[in-house]
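Asker: Sequence:
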Amino acid sequence: MGCSGVGMMRRAGRAWGLWRGMILAGAAAIVPAGPGLADPVPEGPYVGAGGGLNLNDTGDLEIGGRQRELDTDLGFVGLASFGYAFGNGLRAEVEGGHRRNTVDNWGGTGLDGDLSAWHGMVNLLYDIDTGTGFTPFVGAGLGAAFVSIDADNRARGLSADDSDVGLAYQAMVGLGYSVTDSLSLSADYRFFHAVDITADAGSGGVSDSYMNHALVVGLRYAFGVPDQRGRGESLDQMAAPEVPIPPPPAAVPTSYLVFFQFDSADLSPNAASIVDTAARNARDVGRTRIEVTGHTDRVGAESYNLVLSQRRAQTVMERLVSQGIARGDIAVFARGEDEPLIPTPDGVREAQNRRVEIVLM
1 MGCSGVGMMR RAGRAWGLWR GMILAGAAAI VPAGPGLADP VPEGPYVGAG
51 GGLNLNDTGD LEIGGRQREL DTDLGFVGLA SFGYAFGNGL RAEVEGGHRR
101 NTVDNWGGTG LDGDLSAWHG MVNLLYDIDT GTGFTPFVGA GLGAAFVSID
151 ADNRARGLSA DDSDVGLAYQ AMVGLGYSVT DSLSLSADYR FFHAVDITAD
201 AGSGGVSDSY MNHALVVGLR YAFGVPDQRG RGESLDQMAA PEVPIPPPPA
251 AVPTSYLVFF QFDSADLSPN AASIVDTAAR NARDVGRTRI EVTGHTDRVG
301 AESYNLVLSQ RRAQTVMERL VSQGIARGDI AVFARGEDEP LIPTPDGVRE
351 AQNRRVEIVL M
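Last residue of the sequence shown: number 361 in full-length UniProt numbering, and the count goes up by one each step with no gaps.
Keep in mind the hints are simulated off the structure, nothing from the lab.
One thing to keep in mind: the hints can contain errors.
Unchecked claim - Cβ pair distances, simulated, as ranges:
| no. | residue 1 | residue 2 | range |
| --- | --- | --- | --- |
| 1 | Ile342 | Phe82 | 28 to 36 Å |
| 2 | Leu183 | Asp161 | 37 to 45 Å |
| 3 | Leu306 | Thr132 | 19 to 27 Å |
| 4 | Asp346 | Val122 | 26 to 34 Å |
| 5 | Thr130 | Gly224 | 19 to 27 Å |
| 6 | Asp284 | Thr130 | 41 to 49 Å |
| 7 | Ile128 | Asp329 | 44 to 52 Å |
| 8 | Thr130 | Arg100 | 16 to 24 Å |
| 9 | Thr180 | Leu306 | 24 to 32 Å |
We put the beta carbon where it would ideally sit given N, CA and C, even for glycine.
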């Protein structure tokens, strides 16, 4: 299936125009109506499946000693994979798939039949953490492909019935979106090339290589990941737990917890009310020192989370000052992800760890 230089350029231009529109449509299809939430690709095993459209850059076909350019129509592609995400952006997987296209013509002469390819690949991919629910990724794979053609034109006595197995490789680039902590959608473009595809079928033969472009929309499910979405995301509706430690003689709490949305240092109305209560109680009982300590969950880099916990503590301090507490009476601390209220593995979102503790001394 070798390609002439002019033929390849013509096909490449046609393929790019087609795939550019399809990639934009595919990306729009996976973007939900609501905003994305920040979810890294979870560590552990996963399974995936996808389907879409493919376009061949098939080159030349020899029938009866004559070699002409072979044209095929837009076809389908189906894929299935099993892999493991290492938690640092890298994923490794094994993949099986099938591509099939209807043969259109051979050098302008009509042919009826199909050109198909089965493949098995080992892929290595890298997910780019954007801090949002969207995750771009790139990857490459190496394996083998079984390519076959079965086409004829009985009226003209033309027939091609041929198959071969050859080394294959592919490159891919795409975009994923986390629907839940376990389930994600993806859309990607793939270039697939099977080399040394050569066989002799008597009246028809294929040679050189099989090249293919594909756009795939897929699903991926990660095993063993607790779904944290829906837990504590509406903090205005969540009753913030308080730890009442009534000191004598004043019967008021001395410890308060203020919770924050994911990757945010802004006070919700409910959180602001808790800070105001702490300020009022501090004034009523004459407390002269208040400690404010910021915390985060374990999603993201430690250095980033330390800064985020500092921002949260500063936000609470400014609210206390606005409620009449002297700035010099407030001590601010940042603990990052080091002192979780609820211990979790690294990378797990936990609403009750995204907090600021206020202690009246």
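Asker: When the hints from earlier in the document are held up against this structure, which numbers fail?
Answerer: 8
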